[in-house]
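Visitor: Starting from the structure of chain A, add chain B where the hints point.
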Amino acid sequence: MNENLGSPVAAPYTTTSNNPGRIMATVMVALAPSTLYGFWLYGWPSIYLWLITIASAMLGEAFFLRAMDRQASKALTDGSAILTGWLLAVSLPPWAPWWIGAFGGLFGIVLGKHVFGGLGQNLFNPAMVARVALLISFPVQMTSWVGAAPLFADGSPGPLDGLVILFKGIPAAFDAMTSATTLGFSKTEMSRGVDLLQSAAHAPVLSMIGERAGSMGETAAWLIIAGGLMLIIKRVISWHIPVAMLAGVALPAAALNAYDPAHFLDAQTHLMSGGVMLGAFFIATDYVTSPNSPVGRLVFGFGCGLLTYVIRTWAGYPEGVAFAVMLMNALTPIIDSHFRPRIYGRNRKGLPLQVAD
Amino acid sequence: MGFLDRFFKEPSWGVHPDDHKRPAADAPLRILPTPERVYMPLSQHVGGAARPIVVVGQKVLKGQLLADAQGNISAPIHAPVSGTVFSIGDVTAPHASGLPFRAITIESDGQDRWIDTDLVADPFALAPEDIARKAAAAGVVGLGGATFPSAVKFALGKRLKVETLIVNGGECEPYLSSDDRIMRDFADQVVDGVRLVMHAIGAKEALVGIEDNKPEAIAAMRKAAASFSEVKIRPVPTRYPMGSDKQLIQTLTGKEVPSNARAAEVGVLVHNVSTCAAVHKAVRLGQPLVERIVTLNGGAIATPGNIYAPLGTLVTDLLAFVGLKGEPARLILGGPMMGTPLAHDRIPLVKGASGILAFNAAEAATPDAGPCIRCGTCADACPMGLLPMEMAAHIRVEDFEGAEGYALGDCISCGCCAYVCPSHIPLVQYFSYAKGELMAAERVKLRTDATKRLAEARTARIEREKQEKAEAAARRKAEKDAAAAAKAAAAKAPAKDSGQAQGETV
Chain A
-6 MNENLGSPVA APYTTTSNNP GRIMATVMVA LAPSTLYGFW LYGWPSIYLW
44 LITIASAMLG EAFFLRAMDR QASKALTDGS AILTGWLLAV SLPPWAPWWI
94 GAFGGLFGIV LGKHVFGGLG QNLFNPAMVA RVALLISFPV QMTSWVGAAP
144 LFADGSPGPL DGLVILFKGI PAAFDAMTSA TTLGFSKTEM SRGVDLLQSA
194 AHAPVLSMIG ERAGSMGETA AWLIIAGGLM LIIKRVISWH IPVAMLAGVA
244 LPAAALNAYD PAHFLDAQTH LMSGGVMLGA FFIATDYVTS PNSPVGRLVF
294 GFGCGLLTYV IRTWAGYPEG VAFAVMLMNA LTPIIDSHFR PRIYGRNRKG
344 LPLQVAD
Chain B
25 MGFLDRFFKE PSWGVHPDDH KRPAADAPLR ILPTPERVYM PLSQHVGGAA
75 RPIVVVGQKV LKGQLLADAQ GNISAPIHAP VSGTVFSIGD VTAPHASGLP
125 FRAITIESDG QDRWIDTDLV ADPFALAPED IARKAAAAGV VGLGGATFPS
175 AVKFALGKRL KVETLIVNGG ECEPYLSSDD RIMRDFADQV VDGVRLVMHA
225 IGAKEALVGI EDNKPEAIAA MRKAAASFSE VKIRPVPTRY PMGSDKQLIQ
275 TLTGKEVPSN ARAAEVGVLV HNVSTCAAVH KAVRLGQPLV ERIVTLNGGA
325 IATPGNIYAP LGTLVTDLLA FVGLKGEPAR LILGGPMMGT PLAHDRIPLV
375 KGASGILAFN AAEAATPDAG PCIRCGTCAD ACPMGLLPME MAAHIRVEDF
425 EGAEGYALGD CISCGCCAYV CPSHIPLVQY FSYAKGELMA AERVKLRTDA
475 TKRLAEARTA RIEREKQEKA EAAARRKAEK DAAAAAKAAA AKAPAKDSGQ
525 AQGETV
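Read top to bottom, the protein sequences are chains A and B. Here the first sequence is numbered in our numbering, starting from -6 and rising by one per residue. Here the second sequence is numbered in our numbering, starting from 25 and rising by one per residue.
With the rest of the complex left out, here is chain A:
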């Protein structure tokens, strides 16, 4: 008989075939439709930017793991760096210069993830850390939006034009492409005294399918919802955070819009613009930086939504998803310790149930 019968570590001796790589891959599949739509809508520059951002995130991961004397190949194949790069890329303006993606990818992975101890240890969502750092450091580049310039359409940049846009900036020939987002436009108009009822006539049209100015992968709300539903059905994420976050945006928006439509955008505009959908299904649901209990997830999601609305409405920035998610990330440990699931045989306070006679 073989005397080497494995280590005497405790049972179970059978395990799931699931692994982090598979989870990340599922998320990428769910993210693909809206990203592909973004590629089509914004053309070659966005494809290049996406590639550069992901490459830079992977480079950052490999570099840091090598510096820490850990095996880089295994960690790179789990897909978490790719996903971080991808989520950052789709939240960037689609025609941003190459160094925005390169800097963001490195920043997110190194300062957003590895300085905390790597996978599973970071307090903040790395993609949002990078996005916020970029937004604060390079506000011009990070708020230069373009309108629809579908691939292969007349007047859209070709593969070579795309490289030019990426590395040398937007040439005069494509200047007409620059556009404003709904949120940015209404904020600017409001700041110069034009209220929403007056500005609505010439505001950028909010397309339901996502054909509008915005971040690379944030405009196709329905495709994002479809991907998110797939994740919920596949049980990669639970419904709590997305539903609570959307409610956190929609409820105050609907209430204040009903109270004063001249100064508060309606709920639909809030839900369909900016990064709310992407944030609700793909950003706020990040495992590492969100709470674990169902109630905790509801609190967290609602907080993300509410803070997004508050920042959009009263703060200096037209969009607030990244800030809101990071603020709630900071609260996650507190939420986790306050909202624990009820234990079998114990009440909500953790005390043993009383035997009823």
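Everything labelled a hint here was simulated from the structure, so no lab data went into it.
Covered stretches of chain B, going by a simulated chain A footprint (3 or more residues, C-beta under 8 angstroms):
1. 273 to 284
2. 394 to 400
3. 441 to 450
We put the CB at the ideal spot given by N, CA and C, even for glycine.
Guide: Using the frame of chain A, we list chain B on its own:
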């Protein structure tokens, strides 16, 4: 399982591993030829080890008492074969440590001659206490794996006036089918045993929970229980750990056992189907527990199935009987979710051994553990509603009290968390380690307290003795002085100053 069922009908806890029960479960029961030697451990149950009452060289019959129960919670051991007591010594225990424990070795005479057993025609005429006494004398213990002496549980049920007997036919562990087999082949014995246990504890009804992946067992049990309206067969969803008593109680009765209480305190008692069959044999036939059905399964086994074997049979003999396809890469006593790893195959079959699994290299392969990604899958799977990732995070930095703050003590070690963990972190190992450390700390604390108490008592005693000595010395001195004074007084008598001398000594 339909799409919507996934969301609405299944319990929200637990996991659904591949069950690997068939074809082993469908193979007819085989009877192991009597092995040449059996090794009957003295400790096959929770509680005190049995005390041998036979001597080396003594001839014994099958079913003869070898070692008597010792203490309130204990169980006797009987001879599984007829033959001669060969030795009383150490064998390797079925435990991860591979440490030895005491066993009585019997060399079989190949005759398998039983002791005289007294048949009871109408056991329901017996007093409930007599049922318990007979079960205790037959060495019946919980055969689901807990191996708690059954009679002790009967007495508890009787005392707390348990209304409902829950009979555990869940057998939720993958690979195992010994309970399935006993329900298919000996349904009448099981049902009779159920009724005897009800009689012993005074229960009014029995709910037999059987996972719905065992339709043959459900049918056989329904047929056997058809004429007894108080015995209700209840199919339950196939979901691990349905066979855990707390989860089965909740599924069948909706009751939750408080975390610091026993099931009997909410009016239910759980017994395994195999235990019930053993009670039937003990009470009706007078046969002690000396044999059991054991599942031999796993990729390394040539003819997987269920074997009826004497207790004390070496795993080697069982494996030889079913044949090996190749070298096993892992041997497990029990199921893969909660079983015990065996260090080698020269280990005896014990009462609580429902299965012996021999895994091939593919089955035994375990992926390397990765970092926790806080996905929370473990918390969703935990049938107790605990937060395994939080407990593990505390245990990793040796903060055992912190883990206890997350109710580590309520963990039933079912293995759901470690099973679903996408990073394959051996969470149960963490928890077992922490529970062991906490227990050791508790023991140290008790010992320190006891030592402190003794030391204080000693100091107090020494003080007291010193004081007593001083007092005694003072008294003696006083007496001596008094005597001297009296003498002096007597010598001077009838001198006037004798009173003054006495006064000085006061």
